[in-house]
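Asker: Could you build the full structure based on these sequences and the hints that come with them?
Quick note, the sequences are listed as chains A and B, same order. Be aware that the first sequence starts at 47, since it is given in the numbering used here, and climbs by one per residue. Be aware that the second sequence starts at 19, since it is given in the numbering used here, and climbs by one per residue.
Some hints could be false.
The calculated lysine-lysine pairs, modelled on DSS-like cross-linking and capped at a C-alpha distance of 25 Å, are [as the list claims (entries may be wrong)]:
| id | chain 1 | residue 1 | chain 2 | residue 2 |
| --- | --- | --- | --- | --- |
| 1 | B | Lys-296 | B | Lys-337 |
| 2 | A | Lys-244 | B | Lys-298 |
| 3 | B | Lys-195 | A | Lys-146 |
| 4 | B | Lys-306 | B | Lys-195 |
| 5 | B | Lys-240 | A | Lys-141 |
| 6 | A | Lys-197 | B | Lys-127 |
Pulled from the structure, derived: some chain A residues nowhere near chain B, Cβ distances all over 10 Å [as the list claims (entries may be wrong)]:
| id | residue |
| --- | --- |
| 7 | Glu-68 |
| 8 | Lys-106 |
| 9 | Ser-182 |
| 10 | Thr-203 |
| 11 | Glu-248 |
Hints are computed from structural coordinates only; laboratory data are not their basis. In this text, a Cβ means the ideal position worked out from N, Cα and C, and glycines have one as well.
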Amino acid sequence: MRSIYCDLIMDNHMENESNITEYYKKTAMFWSDMIAMMSSKPTTLSAVGPLRTLSSNLKKVTNELTEANKEIVGFNNFLIEYYKQLADTWSVAQKDVASKVSKLSPNEEGTEAYKRIWIDIFENNFTGLFDSKKFSENYNKLISTELDLLKRWNAITDVMLKSANLPTKQEIEEIYEELHTLKNRISELESFKKNTKKNDTE
Amino acid sequence: MIQNNFDPKVIGEFLNFSRNLVEAPMKASVPHEVSIGSTQFDVAYKEDKMRLLHFKPLTAKQVRTPLLISYAIVNRYHIFDIDPKKSWIKNLLEQGFDVYLIDWGTPTKIDKFLGFHEYVNGYMDNCMDFICDEASVDKVSIQGYCTGGTLATVYSSLHPERVKNLIATAPVIDGWKDTTVVSNVAKFFDVDKLVDTVGNMPPEFIYFCFSILKPFEQGVEKYIKFLNNIDNKKFVDSFLKIEKWLDETPPIPGELFRQWIKGIYQDNLLIQNKMYVKNKLVSLKNLKMPVFTQVAVGDHLVSPECSMPLHYAVSSTDKTLKLYPTGHVGMIASSFSQKTVLPELGQWLKERS
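Answerer: What follows is the structure in structure tokens.
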């Protein structure tokens, strides 16, 4: 019985990686909604307590976590590429050093020259990497996916803050923006007042 | 039997290095306990986190026009007064200048919305008002270093009637011509996503940008040199002061950072006279006052190609461009700057003040 059901799902929905994610997402959403509906009556009992929005919060958190999975995959790929670029550059630089220092004598001057050559070659190779388009593109994609993950984390934190009846990050930002606008308006008024006074004196 | 081919001197060097490593904590101060900045000042004016510092004169006779220094938005202003023997401020005071400096402070989350408008038309203009009132003058000379040079340039374009002379020291002007690794990262940077998600530009990210500039010279060789010189008190003191300064990087307000990356590095609006600050066009053609552009040939943070276009873009007929064989920090805090850069600046400024 299980096998037929699973095969059916596999055939219809799991042709590629994105379908698998979709499947898990839909399953999670389905059960979150079902649980929310099934438990709606008992939760109304705590309509003003901390459990007030438990079921809908659960759904939001599940949604964010499921979406985050996709981004974690992307983040890992860019992180692997980042370390690969560093490791490859290190390896090439090490080979360049080896080819240049083989004739150095093992005395004080030789050691000093080795140090200089090592620093210069590594500096040049790594600056070349950091200056390249491939580094910049991958690095910025890495940061971008990291920020996507941070957005998810912020959204989850906001859900928790809301449950605790505390202002969310977005609400705090709105206050900051409001203050900023107010300060600018005060500055404009002060400037207007100053100019009027100056004109009157003249 | 294995034959040892090592020079005894090499082994001696290694043993010395190991000894220095062990003895370093006894011979050097704890970096964060090192005090930097020795020239005395008063906090003349304060607004939000910004402070206007007025340095106490060191000469009886003073140059008539005051000088306002606009420090960069990266790191703190202390590099201008890091050591009495290499102090930019002290040198200018000894030359008879009346020196003010803007300390931008350490922005927090609430400052996320501050942009060019607030920095230039707000803080800088209010500082200029204050100085003009205090010194009973109509115009003030303004010097900007690094990103502070850009702010000073933008200010001079929007308020040319207030600026007697403009000195741009390693200013960030032409982002497309910048050849540093910082500009390479900035070109593809999704600044909107960073600012909308994080708010202010975090100091950790600024550290990353520093760490990819000469990573082995600055990240490895510098510290080996420090340990090899652990018995040289003067060297150790100077090293720790610079390290402490490098470590004190405040966040950059999100909006300012967004406008910075887009306007300077990605769209390169400033040099094309296409930049707007609060609906007002910033045209470098408005710069008709005397302009002195100081560029360091070995600058790996703001490349000479990025700073020099200012000299050619301004309308001023009295303009000077000087190239110095030093680096970004060397231009303002070194024996070289004391012997060459500052005397030349002092002479140029006195002739026009």
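Asker: Look at each hint and say if it fits the structure.
Answerer: So, going through the hints one by one against the coordinates:
| no. | hint | verdict |
| --- | --- | --- |
| 1 | B:Lys-296 to B:Lys-337 | violated (28 Å) |
| 2 | A:Lys-244 to B:Lys-298 | holds (23 Å) |
| 3 | B:Lys-195 to A:Lys-146 | violated (34 Å) |
| 4 | B:Lys-306 to B:Lys-195 | holds (24 Å) |
| 5 | B:Lys-240 to A:Lys-141 | holds (24 Å) |
| 6 | A:Lys-197 to B:Lys-127 | holds (16 Å) |
| 7 | Glu-68 | holds (25 Å) |
| 8 | Lys-106 | holds (18 Å) |
| 9 | Ser-182 | violated (5 Å) |
| 10 | Thr-203 | holds (12 Å) |
| 11 | Glu-248 | holds (14 Å) |
Checked against the numbered hints given earlier, the structure breaks hints 1, 3 and 9 and satisfies all the rest.
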